[in-house]
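Peer 1: What follows is the residue order along each chain.
Number of protein chains: 2
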Amino acid sequence: MQIADLIKANRERKFFAHYNENPKAYDESLMAKGLEVFQKRLNSNYELPGSPDAEFYGEEVSPYLQTGLGIHYPKLAVDKVIAQAEEGFDAWRKIDAQKRFDILFDSLNRVSERFFEMAYATMHTTGQSFLMSFQASGPHACDRALEVMVSAMDQLGYYPSEVDWVKNMGKFDLVLHKNYKSIPKGVGLIIGCSTFPTWNTVPGLYADLITGNSAIVKPHPKAVYPIAIFVEELQKAFIANGLSPNIVQLASDGSNNPITKTLAEHPSVKLIDYTGGNAFGDYVESLGKTCFTEKAGINSVIIDSCANFNAVAQNIAFSVSLYSGQMCTAPQNIYISENGVTTPEGLISYDDALNGISQAVRALMENPKAAAPTLGAIQNDATISRVEDTIKQHQAQAIQMDIVVKNAEFENARIKGPSIISTTAADTATYMKECFGPLIFVVKTKSFEESLSIVKNSAATHGAITCLAYTTDKQRMDKIEDEMNSVFTPVSFNFTGAAFVNQHAAFSDLHVSGGNPSGNATFTNADFINKRYIWIGNRYML
Amino acid sequence: MQIADLIKANRERKFFAHYNENPKAYDESLMAKGLEVFQKRLNSNYELPGSPDAEFYGEEVSPYLQTGLGIHYPKLAVDKVIAQAEEGFDAWRKIDAQKRFDILFDSLNRVSERFFEMAYATMHTTGQSFLMSFQASGPHACDRALEVMVSAMDQLGYYPSEVDWVKNMGKFDLVLHKNYKSIPKGVGLIIGCSTFPTWNTVPGLYADLITGNSAIVKPHPKAVYPIAIFVEELQKAFIANGLSPNIVQLASDGSNNPITKTLAEHPSVKLIDYTGGNAFGDYVESLGKTCFTEKAGINSVIIDSCANFNAVAQNIAFSVSLYSGQMCTAPQNIYISENGVTTPEGLISYDDALNGISQAVRALMENPKAAAPTLGAIQNDATISRVEDTIKQHQAQAIQMDIVVKNAEFENARIKGPSIISTTAADTATYMKECFGPLIFVVKTKSFEESLSIVKNSAATHGAITCLAYTTDKQRMDKIEDEMNSVFTPVSFNFTGAAFVNQHAAFSDLHVSGGNPSGNATFTNADFINKRYIWIGNRYML
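As they're listed, the protein sequences go chains A and B.
Its first residue numbered 1, the first sequence is counted upward by one per residue in the working numbering.
Its first residue numbered 1, the second sequence is counted upward by one per residue in the working numbering.
Don't read these hints as lab results, they were simulated from the structure.
Heads up, the beta-carbon is just placed ideally off N, CA and C, and yes, glycines get one too.
Among the hints, a few may not be true.
Not the full set, but computed from the structure, chain A residues with beta-carbon under 7 Å of chain B [unchecked claim]: (1) M169; (2) P490; (3) W535.
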């Protein structure tokens, strides 16, 4: 496929995917081979081309096995990482954009040959199910990276590389020869998270690289393996083209010896991409560097009216259960008016609606084929204790999902199905904060108008990445869209069946708006590219 | 001309101008009429459609007459301005982009009918010559505004307004109807300066408006009249389309009662455009809002080698004399190696080169037809005293231009021709700071390499909007471009004749790179547009 075709596909926003998300579409033998490679990697040093003399360290724990993986990664001194990044930058900035594209595309194709290893690496660091691990860390991440590269080729072609500017001055023509250059800013730092170690990291990583910057990847110490695969294949692609592997480096650290702030504050680091919690994200934003943050928000659901309440309840049940609510796009607060939900069969009362959602979650959890693959495992213990503490504080309002879900393959998996707390609009102390993990709040409001007003205010104040709304009333639909968009929150309307609010597709959905406190950047709009370099126009009199 | 054609012209970067910069191209009677309107305006209240009940105040002084203009402008309470801006925003954000374009274009065409009045208004507030006043505040400003509008129409059309996203799920198609909306951020504040009250203000003003934001223009209290003409014609264009005039407001204040910080810090103000000194610019940037700054820098000239030194000296003499060095693009420091300047006739020593530049300035100042129209007048007394203080401190190194330039038309004009201080590379305390106005420093360095190194460091540390370089050596040319571009400073090479480094043309030259301390934004790149709104994608299941 030509770049021009990719640019066209990216602009059209219709369904487009370059890498196949279906593991069954790949050669049957790859699954077993991927597992074998993964197992061989356990209890070994993960050597990288760019880090020959490094010490090694690792602390990953499988949420499925609850034992350490024993994989150790190169651990370099910050000064060395920076010096190598500067060297890498000086080489890479001189490579033209088309060549950069070719090399980076090569790295993605190399990664695609390791999608099954990637799936196991992701499962056993994040706790995602096999299918989500395969899709999110493999084809979906590669598509997001390709989307960034294609967006960049579009933006970098905005001005002609050179032009003759001819101004008639009456008796003569004034001719100036001009060139236009995109000058990369320097060294970029990409700070990863523990739940989506590649999907959330590769957009910033490939955006830095395609625009000519060098990159330092600082993974979460509990989820290094998946992104190490990307770094390795990038380094191999650089070496294959006679370039320094240090154009990209893995700078891993330990929970007890973090290096993120030292890297972020280093004057050589000009660009920072960050995914994670709000406190650290606010710190990153306060540094005054060019930065791209995805922090947390509170995602809301408004249920006003619908054609089929069971379909709505099932859709919500899946969305809140998927990866145990550990997705930044997962709904947390569900707002239903005390007047109930309008349906063709008549009004469904608040209590019946609450019960309907609760039953749909229970049905999903009691489905032995669906429950474990939907939930995956909980990435870390802190999420479990936070959820359990919250439930304890609100025992009277909690609808405990007392079902115990077992994973047949992994008996030690850290699993917890979603719990529900039923509350009222006035009780903001209970529900108006982010509660990451398998816990949702159903909030009884006075009216549709109150629901919308709270959801809007919540997005403006606490941030929101998604908003899911159910209404069959066109006026209310327009009002929700207008009000939520005005606080820079996109709305998904009337999702049932196979459409889930959690899912943002590359080449079509803008992930995080950048306009509310959930983050200042978007995968992938023009700003996500253009802030990484400066346009310079030089003029020559010939 | 169709918008598609304008977008094409803007992308091509070839010479393009929509408004004619030659006053002689306009009807002969317009000059006298413009003067008449200007004179009638003196000592009166400047009424604006949007400010019926305002108090009036003004403090402009003509640099040519050194008497007050006596024009008083509406002065509204900040709370009222903000409330009206919010109202204006709520109406304007609902107008589609094409309609916004038409209304704003109408306003520019209305302004174009007042270009001669505009010229007098600009002369007698800024001290620019008649020709510069006409060009910069009239056609060039309108072209910069149109460039912004065209750039915005290009950016706002990036995504389709709606699309059906169809994903084949094996046994069925998942269809989502999606829309993409550019949501404006809110109220914009544009803070003007005293030397280019429209050219530097209208890009931010029209960028806010074309993207759907409302705008508050806070002019410099000594240069209100020119931008009041824009605000008035915008308000008339809004009214002619049945819209509130308060989509744009003039918020003038007095030097002793400034309201800029109150406006800038108001939570309703989401966007700030600023032109002016560094201290206030740094304050604006520290507010954490979306902001676009053009601050000061130190512009440098490197003279290494040339084909014709006299042509070089004449070009520099004009560039440093034009509007008495009160342009943000004017050169300040000229670096020449102690090894001299290489020319086809042999080496020109440092002293001879210094003398050549000094003689070229003297010749220009002694040319009675050229001197006064080149210099214009000094906008304010502070510039004169700053320059004179600096000369006093460096009496021994100063090459005083003792020529007295008289303006035949305005005997009281505040005029000062350029002075030159000759210094050495080591004496950074003398030359390594911005000295706004008619004063330049010629700096003797050890070598070409030292010149370039100082100029690069100067741009990185103090900022630079332009860099002028003279060299006939291709390797040095490439080195200058590479090194200066790496600190985000554009270079103009070997300008002689009618090409001047001071001049940045709309639809071709990027004004300020946004990558060094001279400012964080560019007239006009994609960022200058895209930061003013947020892309939102909504999804519907039908």
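Peer 1: Now tell me if each hint is right for this structure.
Peer 2: Going down the list of hints, with the structure as the test:
no. : hint : result
1   : M169 : holds, 6 Å
2   : P490 : holds, 5 Å
3   : W535 : holds, 5 Å
Against the hints set out earlier in the document, no violation occurs for any number.
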